[in-house]
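Protein sequence lines, in the order shown, are assigned to chains B and R. Per the numbering used here, residue 1 is the first one in the first sequence, and the count goes up by one each step. Per the numbering used here, residue 1 is the first one in the second sequence, and the count goes up by one each step.
By construction, these hints were calculated from the structure, which means they are not laboratory data. Certain hints may be false.
Here are some of the chain R residues that sit facing chain B, going by a computed Cβ distance under 8 Å [as the list claims (entries may be wrong)]: (1) L21; (2) F31; (3) A35; (4) F94; (5) L98.
Subject to a maximum C-alpha distance of 30 Å in a straight line, what follows is the list of computed DSSO-like cross-link-like pairs (lysine-lysine) [claimed, not checked]: (6) K160/R / K194/B; (7) K173/R / K160/R; (8) K257/R / K194/B; (9) K160/R / K257/R; (10) K173/R / K257/R; (11) K68/R / K48/R.
It should be emphasised that the depicted structure is a prediction, and the values quoted were computed from it without experimental measurement. Glycine is no exception: its CB is placed at the ideal position from the N, C-alpha and C atoms.
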Amino acid sequence: MQRQFDWGRFLLIAIPFLWLLIFFLLPFAIVVKISLSDAANALPPYIPTLNLSEGWSGITSFISQLDLESFAWLLDDKIYFLSYLNSLKIAFISTLLTLLIGYPMAYGLAKAPQRWRTVLLMLVILPFWTSFLIRVYAWIGILKPEGLLNMGLMSLGLIEQPLAIINTPTAVYIGIVYSYLPFLVLPLYATLEKLDQTLIEAALDLGCSPIQAFWKVTFPLSLPGVVAGCFLVFIPAMGEFVIPDLLGGSDTLMIGKTLWSEFFGNRDWPVASAVAVVLLLSLVVPIVIFQRMQERQREAEA
Amino acid sequence: MNVTRFGWFNLTSLIIAFSFLYLPILLLILFSFNASKLVTVWGGFSTKWYVSLFQNEMFMTAAWVTLKVALVSASLATILGTMAAIVLTRVGRFRGRLLFSGMVYSPLVMPEVITGLALLLLFVAIGLDRGYWTITLAHTTLTMCFVTVVVSSRLVSFDKSLEEAALDLGCTKLSAFFQVTLPIILPAIIAGWLLAFTLSLDDLVIASFTSGPGSTTLPMKIYSQVRLGLNPEINALSTLLILLVSIGVIIASLVSKRAEEQNV
Chain B
1 MQRQFDWGRF LLIAIPFLWL LIFFLLPFAI VVKISLSDAA NALPPYIPTL NLSEGWSGIT
61 SFISQLDLES FAWLLDDKIY FLSYLNSLKI AFISTLLTLL IGYPMAYGLA KAPQRWRTVL
121 LMLVILPFWT SFLIRVYAWI GILKPEGLLN MGLMSLGLIE QPLAIINTPT AVYIGIVYSY
181 LPFLVLPLYA TLEKLDQTLI EAALDLGCSP IQAFWKVTFP LSLPGVVAGC FLVFIPAMGE
241 FVIPDLLGGS DTLMIGKTLW SEFFGNRDWP VASAVAVVLL LSLVVPIVIF QRMQERQREA
301 EA
Chain R
1 MNVTRFGWFN LTSLIIAFSF LYLPILLLIL FSFNASKLVT VWGGFSTKWY VSLFQNEMFM
61 TAAWVTLKVA LVSASLATIL GTMAAIVLTR VGRFRGRLLF SGMVYSPLVM PEVITGLALL
121 LLFVAIGLDR GYWTITLAHT TLTMCFVTVV VSSRLVSFDK SLEEAALDLG CTKLSAFFQV
181 TLPIILPAII AGWLLAFTLS LDDLVIASFT SGPGSTTLPM KIYSQVRLGL NPEINALSTL
241 LILLVSIGVI IASLVSKRAE EQNV
């Protein structure tokens, strides 16, 4: 037993701990505080500001000036509610679409000959490393009315008028599926690759057709990977800003975009903070479910 | 996965999925060599957009700011993230462990608009002037969590008895770390640094919130140009960035593969 205080261990824990407390937890406390403040024509643009030099009376008058006005405002103006609803809808539909493309892809990867797999996996990961912004930008040139997709389809004689894709929700779906596909494919591949082959063999021996064996054995066993992958698409898609902003046009409301314009456009910091608080609360449930599941899986593996 | 064969269906789905992933990038690269100013009409081969890109001072200044932020924040994040990974996998129980692991893992899934807004409000509240350093601090905080994930998965998978042997043979904890643990987890630390570096290079949202006058990063510059319309210089710039990152990733994976083979 060590009697002496273990300074090494203390510093090892304290340095990253303090960093995260100051730069991660404290900022959220400030967001909550400012969401309870009122916008003002001042620097910084909100009141009240805490004045510690007045001592206790400064603190009490500070607290008494906090209110829920910004949150009431969120309920008043329909744009916020519509943004949340639309974010939910867009995140949900694009998660389903990602699964529709990602499942056959992960399945194909898991069945690919061993010697190709390293290269193929690398090809899945590589786009994840290249700039998100650039990959979204690439789609603008493809989806525009005079873009490559419309030019191609028109020269083939398949359409006569250019399709309006950019600045619609369809473009946002394409952007999200494209950007988040690797997030779904990788965990799903990991699950499919570890699958016990003898179970499928048994199903085939007992008279299942390969398709029946897939739906009765492979698919149910891959569900943990499906769910993990879907959460990894759904959660960031909810708060997405770049994709709806560049591909969705001004009519596609999403909450990340609303927060951005509230902050940079209207300079209303309290309302932007209130939007952030509500978005955070709506994400807490899926995040907690996701982390629980990850832990359960880790325990099952250990 | 070898009971049923790799069939036509699998091959087709892989071809479709990979074309979907790579066609947009390939088209972007192709059109960066387009002589025409119209981004979507082919007007012959030319490298003039690369020339005008390097003469564009705004882009070059932004690139320099971005590079400085990425180098410093990735290095800080690697140190802090590795420490956090050791805390999570090696030091056992301590007060606030649950809070600690929560704080390490939540930034990974936190929407960037929230993290950016929260950090900005912190910098305003403590009266820090916004600019190069605030972006660096923000990126360090975000990317250290990614480093922790990468490094801790390596720490979990390797044989603890090696460290114990070093301690039994009289090493202090510190020298056991530097002589035994560090060489083994070094590939993961390098991978973590590269991940942190590219994430910082790429970030638009958090940088927009935490930057100040005179510290525009490359993604912010690209974003403001893209909002004005398509621009062949952006294609050229994107091609260079894609090339840089691809080479980096390929080298990194070769290095880590070799290191793994040596360790086994």
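Here is how each hint holds up against the structure:
Taking 8 Å as the C-beta contact cut-off toward chain B, the hint placing L21/R at the interface holds, the least distance being around 5 Å. A distance limit of 8 Å between C-beta atoms decides the matter here; for F31/R the minimum to chain B is near 7 Å, and the interface restraint holds. Residue-level restraint check for A35/R is violated (minimum Cβ-Cβ distance to chain B is 16 Å; threshold 8 Å). Interface hint status for F94/R: upheld, as the beta-carbon distance to the closest one in chain B is roughly 6 Å, under 8 Å.
A hinted interface residue such as L98/R counts as satisfied when its beta carbon comes closer than 8 Å to some beta carbon of chain B; here the least separation is about 11 Å, so the hint is violated. For the suggested pair K160/R and K194/B, the alpha carbons sit about 25 Å apart, so the restraint of at most 30 Å is met. For the given pair, K173/R sits about 13 Å from K160/R by alpha-carbon distance, which is consistent with the 30 Å threshold. Taking the CA atoms of K257/R and K194/B, the gap is near 21 Å; set against the 30 Å cutoff, the hint holds.
Proposed proximity of K160/R and K257/R is supported: the alpha carbons are some 21 Å apart, at most 30 Å. Between K173/R and K257/R the alpha-carbon distance is near 28 Å, which keeps this suggested pair within the 30 Å criterion. For the given pair, K68/R sits about 27 Å from K48/R by alpha-carbon distance, which is consistent with the 30 Å threshold.
Hint compliance for this structure: hints 3 and 5 are broken, all remaining hints hold.
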